[in-house]
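Asker: Work out the full structure: start from the sequences and follow the hints.
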Amino acid sequence: MYGSILNYGNYRYLKQAAALALIALLLYFSSLSDEPPNGGTWQGYTLGVIGAALILILLWFGIRKRQYHCTKNSLARWASAHVYLGISLPVAVTLHCGFQFGWNVHTLAYTLMMLVVVSGFYGLYAYLVYPEALTANRNGVSRREMIADIAKLNDTGLTLAEDLSTEAYHLVLREVEETHLGGTLWHQITMNSGLPAMPLLQWKLAGNFVASEQASSSVTTLSPEDFLRKYFRKSESTAEIHRVVELLKVLNERQSMVNRVQLDIRYHAFMKCWLFLHVPLSCALLAAVLVHVVSVFFYW
Amino acid sequence: MRCLVETIRRRRNEVSDTKEFDTERLSLGRGADQDIHLQTRLAGLSHAVIEQESDGNLHIRALAPHRILYNGRKLTESVLNPGDEFSIGSVYFTVREAAEPYHLHLEIKEPTGRQSKELEDALLATVNPDYGLSGFSMRRAAWFLSLAIVILFLLLPLAGFIYQPLGIWLRTLPVVSDLSWSPGPISSAHSFFGAECNRCHEHAFVSVQNSACTTCHKDTPHHVNEKLLQSIAALDSNRCASCHKEHGGSEASSLIRHDQTLCTDCHKDIKAIAPDTQLSDVSDFGKNHPEFKVTVTPFADDLSQPLRIALDQKDRLMELSNLEFSHALHLNKEGVKTPDRGKVKLDCANCHKPEQRDGKYMAKLDFESQCHECHKLNFEAEDPKQEIPHGNDAIVLTFLEGYYSARALKGDYRHLSAPQVIRERLRPGEELTPEENLEIKAWAVDYARDVNSEVMRFRVCGKCHTVTKNRDSSEENSRPWKIEPLGFNQRKLPMAEFDHDKHKTQKCTDCHEADKSEHSEDVMLKGIADCRTCHGGADAKNKVASSCIDCHRFHTSPSLTMEGKKIETPSKVHSSPGTESPPPVGNNVNPRPDTR
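Chains A and S, in that order, are what the protein sequence lines are.
As numbered in the numbering used here, the first sequence has no gaps in its residue numbers, which increase by one up to the final residue, 303.
As numbered in the numbering used here, the second sequence has no gaps in its residue numbers, which increase by one up to the final residue, 578.
In short, the hints are calculated from the structure, not lab data.
Please note that a few of the clues may not be correct.
If we take Cβ atoms under 8 Å as the criterion, some of the chain A residues that face chain S in the derived model are [to be verified]:
(1) Pro39
(2) His109
(3) Glu135
(4) Thr138
(5) Arg177
(6) Val179
(7) Trp277
(8) Leu289
(9) Ala290
(10) Ala291
(11) Phe301
(12) Trp303
Cβ atoms here follow ideal geometry from the backbone N, Cα and C, with glycine treated the same way.
Answerer: Dropping the structure here:
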C-alpha cells in the first residue's frame, strides 16, 4: 500500500470526506424535527449544493488527468481526493433527497450517480489488485516481446510439423490460425486461459496421426498418451519420434506463452472495462443534474 | 476458364508480375505444384481451388481443413464477385472486374519481410485493441447520453410549457413531459388535477403563488384575527406553499403540517416578530407553555371588554357573572330540597349536558329545564301557581300591572294597601263607577310597582340575579329595576379546542373544582398542571404526545379570507360551536357575553 492513492497525504482526503459525510449527517438529522426531510428545506438545499459541488470536483478529475503539462497538485493527490470524495458523494446526495425516490428525472440523476459510484468502486478495486498481478505475470517481459516469442514458436512449430507430415502441418497451422490473443471485451475477460495445453495438443496431434493410418473409431476410445505410445511403437524412425517430441515441446512452450499474453490482456481489460460505464455515465450524470436543478427551479 | 492474375508489389504498389491461366481448376497453395504459389507459412500446401460451377458462377473452395478469410469472414466456400477481397495467411486477393476474354481477374498483394514477422502481425491483429467495441467511443456515448437526457427531460418539457397544446399532448406520453419533473406524488386531495402542472406552477422560475391556491380555497380564513395581522408581518410574507408542501405523497403529511416547529419557530420568541404582543413564549406543551389564560369578565364597568387572565393569577381571577350561584350548595352530598320530589342529590350532568352535535362543548344552560323545577317565579301568595315570565325583565312591570289590574277588578283582594272597592267582592249585576275604575287603576299601577320592586330586588329575580336601579330616565317608569346581563362566557378557553367528548372518561371534577366553589365569581378550571398529568409535549414518551395543533387552530380570522376579503358567512369548519360568534382571539378581543 506504500504510496497508494488511498493513503495519500496521510489519508488527508479520507479525513475530509469523513468530515463532509458527518456534516451531511448533522444537517440531515437537524431537519428531522420539521417536515419530512427533503431537498426543499434549507438543509436540503445545503446538501444539494454540497452534492453538486462534489460532482463538479469529481468530474474535473477527468479533465485534470488529461492536462499532462499541468504540474500544480499532483495527479496522485487528485486521484486520492477523487476516490474519497466520490465515496462521500452518495452520502450527501442520499440525505439531500431524504430517501424520497420516484419515477422522475431526479431519481434518474440519483441512479446515474449510484451507477457511476459503484463502477468507480470497481475501478478502485481493479487499480489496487490488477497492476500487481499484471507485473507478476509479465515477469519483466513486455507484451510485444511475448507476442514475438509466440510468432517465433509458431514458425518453429510449422517447420517441424511440415517435416513430419502434411497432416501435422495442417494441425499446427490450424492451431496457429485459431489462436486469438484478444478479441471482444467479453472474450478478453472470459477467455479460457491457463488450461493445460499439452493434453489437448497431444490428443489432436496423436489422433491425427492415427486417423491417417488406422480406423478413426479408436481415436475416441484411447487417451492421448495411449495414442502417442501406439504411434511411437509403430514408427520405426527414431528421427521422426524425435521430431514429434520436439514439436510437442515447442507447442507446449507456445501455449504457455499464449496463456501469459491472454492473462495480460485480460488484466488490462479488467482495468479498462469499468471506464466504459464510468465515463459516459458521469457525463450523463452531469446532464441529469443540470436538468434536475433547472426543473426544480423552473417549477419552483 | 481464362484467368488473369496480377501480383502487386507492396512497397511500390505496382504490378510486378502478370500470369495467365486457362484451366478448369485454378489451385492456390504453398505447394510448388500449385497454379498460384502462396509464399506464406499460414497457407496449406494445397489450400484452395477456384472453379466454374454449373450455375456459371466462379466459386472458391477451401480444401479441408483450411479456410479462407473472405470479406472478413472465415469461410470454406464462396462465390467470387468483382470487388470482393479475401486472404490466405498474409496474402491478400482482390477480385477485379474481368475484361474479355478473361473470366477471372485476380489481384494479389504479396506479403513482404520475414516469415516470423508475418506470423507476429497475424497475432497482433487478434489482440483487438478496441476490445471489439468498434464504433463505440466513450466520448460519443457520453455525448449521446447527455444529449438524450437534456432533450427528453428538459427541452421537450420546456417546449411543452411554452406551447401548451404540445405540453398537454406530451403528458400523454411516457417520460418526455414535465410530469417527469414531479418530485413526488400529489396528495390525494389535489390528485384530481395533479397531472395539470400549470394549475399551480403558472410561471417559469416563479414559486407557486398564493393566487393559485385561493382560486379554489377562496373562503379559507386568514391566519389570525385581522387586528393582529398588521403587527405580524412575518405571517403575510410567507406563501401558502411555505407551509403547505405538495408532492409529499398521497397521505401528504407535509400538506397539512402537524409538527410544532412550524408554530414554535416564531412562538418560542414571539416578541421578535410582534413586539407589542402580550403572548408568552411557547416552545413545547410539556416543557414550555404558559399557564392557560381564561377569557373572563371581571368586576369592571365595561362588560364589553372581557379580559384574559392566567389561571395562576388567583388574586385577579374572578368573573363578574351577575348571578348568585353556589356550585357547592347544589352539589351538596345530602341532596337539595325540591318542591315535588323531596331531597334530590344532584351531580354535574343534571344541569350540564353535552351539545347534541358532537359533544365537544357543553350545551347552553337553560332556566326552564335546569332551574325552574326548584326555582319557582311565583310572586303572589294568594295565587301560588302564577309566575313571572322568565327571560325578559323589561316586561315584568307591565305583566304585574296587568295582573293586579285584573285582580283588582275582580275585587275581594284583601290586601291592606288596597282601597275598599278592591277589598270587597263585586256583586252580580253591580257595576263600577268611572271614579272606582280610576281608583282601581291607580292602585294596581302603584301596587304592581311595589311588587315589582320587591320581586326584582329580593324575592324572586334578585335571589339569583344581580338587579340594579335603572338609570335610564326614558325607561324609569316602565322598567325601574333591571337584571344585569349574565357576565360569564360560554367558553373560557376560546383559543384552544377542548373536546369534552374525548375526555368523557374523566370525572368533571378532575378539571373543574365545582364541589368547592361557593360563588359564581369563581373560575373553577384547574390549569395546565392538571392537563400535564396526562398530556406531554410533542416528544412525550409516557404521556399523550401533544403538539400545538392538537389544541390550537390556525387560519382563524373571523372576518377575513386569505385574500383579505370579508367573510360573508363564517366558515362552519372554523367557527366554534358553543359561541354565537367565532372565538375571540388575542388579548383585547371581545367574545359576546351571554346575555340571557
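Asker: It remains to establish, for every hint, whether it holds in the given structure.
Answerer: Each hint, compared with the structure:
Restraint check, proline 39 (chain A) versus chain S: the minimum CB separation of about 6 Å is within 8 Å; hint holds. For histidine 109 (chain A), the suggested interface contact is upheld, since its CB lies about 6 Å from the closest CB of chain S, less than 8 Å. Interface hint at glutamate 135 (chain A): violated, since its Cβ lies 22 Å from the closest Cβ of chain S, which is beyond the 8 Å cut-off. Interface restraint check: threonine 138 (chain A) against chain S, minimum CB-CB distance 19 Å, threshold 8 Å, status violated.
The interface hint given for arginine 177 (chain A) holds, since its Cβ lies 6 Å from the closest Cβ of chain S, which is under the 8 Å cut-off. For the restraint placing valine 179 (chain A) at the interface with chain S, the shortest Cβ-Cβ distance is roughly 7 Å, inside the 8 Å limit, so the hint holds. For tryptophan 277 (chain A), the interface hint is violated, since its Cβ never comes within 8 Å of a Cβ in chain S; the closest pair sits about 11 Å apart. Because the closest C-beta pair between leucine 289 (chain A) and chain S is about 7 Å apart, less than 8 Å, the hint holds.
Because the smallest distance between the Cβ of alanine 290 (chain A) and any Cβ of chain S comes to about 4 Å, under 8 Å, the interface hint for this residue holds. Proximity of alanine 291 (chain A) to chain S holds as hinted, the smallest CB-CB distance being about 5 Å (cut-off 8 Å). Hint on phenylalanine 301 (chain A) holds. Least Cβ distance to chain S is approximately 5 Å, under the 8 Å limit. For tryptophan 303 (chain A), the interface hint holds, since its Cβ comes within 8 Å of a Cβ in chain S; the closest pair sits about 4 Å apart.
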